[in-house]
Amino acid sequence: MTKPFQPGHVADTAATLYERSGAAAYGISAERFAAILDEILRKHPSQGPLHKSPQSSPHASPEQRADFCAALRLEELALARACAAGNEQAWHDFISRYRQKLHSMALHITRDAAHAAELADSLFADLYGVNAREELRKSKLLSYTGRGSLEGWLRTVMAQEFINRYRKQKRTVSLEEQTEEGVQFAAAVPEPACTSDPRLETATDEALAELSSEDRVTLASYYLDGRTLAEIAATLGLHESSVSRRLDRLAAALRKRILAGLRTQGMSHAQAAEALEADVRDLRLNLRSRLTQDSAATTFPGSRKIPARDGGDGSTD
Amino acid sequence: MTEVPKIVYDRLRAAQKNRVLPDAALPDSEHPDANLLTAFAERTLSADERDATLEHLVLCKDCREVIALTLPVTEIANAPIAAETEVDRAAPVPSKTERSWLTLSNWPKLAWPTLRWAALAAGVVAVASSLLLMHPGKLNQATLPSANQQVATPVPPVSGAQIASSSVPPSPTISPMQPSAIPPKTDGAQLNPKTHLAKKSSPPTPEAGRLMTSHQPVPSSEAPEVAATGAAVTSEPPAEATLMAQAEAPAIEKAKPPLQDTEAPAIEANDQQKPKTALAPRLPGANAMSVAKLAGNSSRPLAQHGVAWTISDGVLRRSLDSGQTWQDALHPNHALLCYATHGDDIWTAGQAGTLFHSADGGATWVQVQPSTKGQQLSSDVTNIDLQGSALHGNLPGNAPRPVQVVLSTSNNDIWISADGGTTWQKQ
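Taken in order, these protein sequences are the chains called S and C.
In this text, residue positions in the first sequence follow the working numbering: the first is 9, and each later residue adds one.
In this text, residue positions in the second sequence follow the working numbering: the first is 253, and each later residue adds one.
Everything labelled a hint here was simulated from the structure, so no lab data went into it.
The beta-carbon is built from N, C-alpha and C at its ideal position, and this holds for glycine as well.
Do not take every clue at face value.
Partial pick of chain C residues on the chain S-facing surface, computed with a CB cut under 7 Å [claimed, not checked]: (1) V256; (2) V260; (3) Y261; (4) R263; (5) L264; (6) T290; (7) L306; (8) V310; (9) V318; (10) I319; (11) L321; (12) A615; (13) D637.
What follows is a set of in silico ranges between Cβ atoms, one per label pair, in the way DEER data are often shown [claimed, not checked]: (14) C:H586 - S:A268: 27 to 37 Å; (15) S:G30 - C:T577: 49 to 59 Å; (16) C:D665 - S:L115: 35 to 45 Å; (17) C:T577 - S:T210: 45 to 55 Å; (18) S:F132 - C:Q621: 45 to 55 Å; (19) C:A670 - S:R271: 45 to 55 Å; (20) C:D303 - S:K264: 39 to 49 Å; (21) S:K51 - C:A587: 36 to 46 Å; (22) C:N585 - S:S130: 55 to 65 Å; (23) C:D573 - S:D120: 39 to 49 Å; (24) S:E47 - C:A587: 46 to 56 Å; (25) S:D129 - C:A587: 50 to 60 Å; (26) C:Q628 - S:D256: 31 to 41 Å.
Next comes chain C alone, as it looks inside the complex:
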């Protein structure tokens, strides 16, 4: 943070000192009364009153302190929303994979945890590319086993189960491929067999489609052979494969809990799914690169810990990894100046009354044109404030939504919408 010149500090302090008498004990006449301060803190003052109160606050340390003391704890804590947690736990996996892929060129310097992910990524790329190689010839017997070698090697302990799972056509055969159709963020949800079935009908990305078509025609009788090859290969695993086996361990751990919660079709089916799910998290890992590229901004980021927003040069940017990398999220014609988030609700606004709202964490944006009584908002919006829930969240009966949207403009108008932007009031 840039330091202000010392003289600024001195003059601020001097102004404050000249103003506040040493023995002043908050007489009503001199300080804004509790009603005003409350309304100020809750931001329900008119512009004039707000200005007057701010003028007082500049000079009055006591009132600033009163305001600070009255801040509800929740506003400072910036607490995450409880509903996010489940998916969140699985979410860091793809981003780490992605990062390790980017740093793969520094291979010798990598620490073990990163190496693990790099190995995982490399293995997954091998699988993906060999499956792609297989594509032109569809049922090319020479390439198929080699492709499956890679798939089977990392999980020698469960290769027996692998046989069983492969012999149940067609869903288990497909499902290891299935994750590639879905953005990595949904890992947790997608391990649920039910989601599998539901998602199967949805159109997969081109790449995933190819994988599926190339794999589907494999006769189920061939599967045991495949698995056997896999088991054989484990006796002379390449260095990568060992790494992969290690890397797989956490993946299995992660994959299991969702399964236990689901209504499994049958007990034996449940058993068969273990190898499948062990593979599943690995494949979405591979897609951290491909899907991220394919889906780009349309992949749905859930409101989660790693998500951060910023505005630079009038463009709203989003980071999914706590600020390490940034992507443009919204780039309208007019420069954006401010934004506010509340869970998955994101509002951003800027010059010439530009206002956008996303209710799904930035996946889709809707432009909002506030107007009231024939007037349209056309001045620059300098601040957005989403209020309602944090301030009154602990009052019983106050649901977190609807949030009141309060826009402050460069010409000191305040626009307020209590219904998510449908109707507006101007102050």
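Just chain S, with the same shape it has in the complex:
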């Protein structure tokens, strides 16, 4: 705790925040809580448009700091930090609130009872911080900052853990498969991307760069990850039908932009159209096989066969 809250009304706000958090019930002092908030503030220097320059960020206007802190999930933050500090009452509350949920989350993520139990257990171990040395127990809950709900954070942490493990396991599995099925399994059809016209690539990159990040996420989720419209809609906070319309709009706009880009690079209209059309035709086959491959890869390795490489060579079918 090096940067105490400034005096005046900010201190009042700090007191109010402390009050709201109910941290006192878990034995967290007002000073300790203020220090926690201060630490979180410095972790997120990007908060607010006025905080862009790094040197000014920790000292941004007190009002903005107060607004930022007030928007945090103070009560859940206090609970998480109290758990991290080993408060018994806090753990009791935490367990009664989230234990059941963590298990159903794990089941939802892994879709397999055994893996779910394993995942939930390992997350609990992280939350307790049992992996660290005896005296310096470092609970994962320390990294919770209250920016989202604690439940959502637990969900995210669990999903990250799942992805991490899955990736490790996937490498193991693919090695096994390679030895089992012979090296020709991995013998790759050359990456189609390498064969495409550099002008086409440039035009496409430019067209993509013009899209908003949300549009690009939509494209990547739909075409690369094979997500459903409903999933994309839920992720971006849109209606399913807006996602569908957006994808249609994007496909049309991209086509138009790429054609225009090709023509500025000296292609005739017909040439440009041909360059694009030729691709669309073999896409039908390629995209299908790749998408199925990608979506198969999203399940737990225990339940499905995993393709040899993350890069995806389209050779499995």
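Let chain S serve as the given structure and place chain C on it in line with the hints.
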């Protein structure tokens, strides 16, 4: 769905590949931390942070997958609200009738289930028109029996009870007509005798009013005769009538359960109501055409499975039959761009800060002008997000409402209202 050019796919993938190292195991430095991802999923990030996170998501398959995995199941399932179910079960009846009426010209090609409804509709039209014919002369003895023939024929098994019911003036006599005053959607509720009595005082549509006045003066002594005529006619029923009798069967089935649940006035009254309710669902069937036309947009659609919304050319449109037919629901001065629904709550917004809210499934609309600290929302609203309940619905103590309304505008402002549009915050 339109396919994107293959090169788009390749370039997206290439960008992703160049970015993600094969052995990267989600180090904190490279990926947004769990707090950010959570706040992103819960849509509480500031615009800047949201953009930064999206930029990362474009390139990072792992984080996209983390986000996808953290989606609560409820958000994907789009589950219907439990309270709707009771009325819902009765609701498809009128819409089917309506549809079969539209396809009536294809008579020979119709499959049996459709034919049944067509026959029902035809019979009902016959009843309605003959009752209307009767209107000028009010107590025209020649037309009255013929009108009632139609009413009585479909239910020969209960014609005895029909006599009893007709002889109890005036409520049972009126109530078969009563449904025509009420939009078809309320079938289930209206079979409840209590609702009958309550609704009787409400002003009926002109057509229904005529039916009632023409029928009311019939002396109760005449009713047995009427029913007898009905029974006599069953010996030589027209083809339609047989069809109607068949069609009636499901209607009776449907009509009974609500009655059993109600506090019936008396046991014998309960018996008498059976024929009445058997007729009742048929009459609202007839009104599927007339009432739908009369009431138009004002008929109250309950939030139900068949309801779908869309925006085309800046007009909000509604379908009551899962998208087979569409009606304009809202056509403001400025083009609408987006909408969001949550149960009966519908929000729609568009150009120049246009924002409308309906809390009753689209029956009535209120224009909302968001403003905060002297600023008014005047830019185009590109997205509406109703959040709160789906995301946190499984937290104890969080009621489904109030829903937080989040508007995203074309100039990247976010407007949030946590109290249904009364006060707004701008981000």
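A quick look at each hint next to the structure:
Contact between V256 of chain C and chain S, as hinted, is supported at the beta carbon level, the nearest pair being about 5 Å apart and thus within 7 Å. With a least beta-carbon distance of about 5 Å to chain S, the hint placing V260 of chain C at the interface is held under the 7 Å criterion. This hint holds: Y261 of chain C has a C-beta 5 Å from the nearest C-beta of chain S, less than the 7 Å allowed. Of the supplied interface hints, the one on R263 of chain C holds, with its beta-carbon coming within about 5 Å of a beta-carbon of chain S, less than 7 Å.
Interface hint status for L264 of chain C: upheld, as the beta-carbon distance to the closest one in chain S is roughly 5 Å, under 7 Å. A distance limit of 7 Å between C-beta atoms decides the matter here; for T290 of chain C the minimum to chain S is near 3 Å, and the interface restraint holds. Checking L306 of chain C against chain S by beta carbon gives a least distance of about 4 Å; that is within 7 Å, so the hint holds. This hint holds: V310 of chain C has a C-beta 4 Å from the nearest C-beta of chain S, less than the 7 Å allowed.
Checking V318 of chain C against chain S by beta carbon gives a least distance of about 4 Å; that is within 7 Å, so the hint holds. With its C-beta approaching chain S no nearer than about 5 Å, I319 of chain C sits inside the 7 Å limit, and its interface hint holds. Annotation: L321 of chain C was flagged as interfacial toward chain S, and the flag holds, the nearest CB pair being 4 Å apart, inside 7 Å. For A615 of chain C, the shortest C-beta to C-beta distance to chain S is roughly 21 Å, which exceeds 7 Å, and the interface hint is violated.
Hint status for D637 of chain C: holds, given a least beta-carbon distance of 4 Å to chain S, under 7 Å. Evaluation of the 27 to 37 Å hint for H586 of chain C and A268 of chain S yields a pass: the beta carbon distance comes to about 30 Å. As the Cβ distance of G30 of chain S to T577 of chain C is approximately 54 Å, the hint placing it in 49 to 59 Å holds. The beta-carbon spacing between D665 of chain C and L115 of chain S, approximately 39 Å, falls within the hinted interval of 35 to 45 Å.
Between T577 of chain C and T210 of chain S the C-beta distance comes to about 47 Å, which sits within the given range of 45 to 55 Å. As the Cβ distance of F132 of chain S to Q621 of chain C is approximately 49 Å, the hint placing it in 45 to 55 Å holds. Between A670 of chain C and R271 of chain S the Cβ separation comes to about 50 Å, which falls inside the hinted range of 45 to 55 Å. Between D303 of chain C and K264 of chain S the C-beta distance comes to about 25 Å, which lies outside the given range of 39 to 49 Å.
One distance hint, 36 to 46 Å for the beta-carbon pair K51 of chain S and A587 of chain C, holds here, with the actual separation near 43 Å. Our hint of 55 to 65 Å for N585 of chain C and S130 of chain S holds, since their Cβ atoms are close to 58 Å apart. Between D573 of chain C and D120 of chain S the Cβ separation comes to about 40 Å, which falls inside the hinted range of 39 to 49 Å. For E47 of chain S paired with A587 of chain C, a C-beta distance near 48 Å keeps the hint of 46 to 56 Å intact.
Taking 50 to 60 Å as the suggested C-beta distance range, the pair D129 of chain S and A587 of chain C conforms, at roughly 54 Å. Under the hint 31 to 41 Å, the C-beta atoms of Q628 of chain C and D256 of chain S, about 33 Å apart, fit the expected range.
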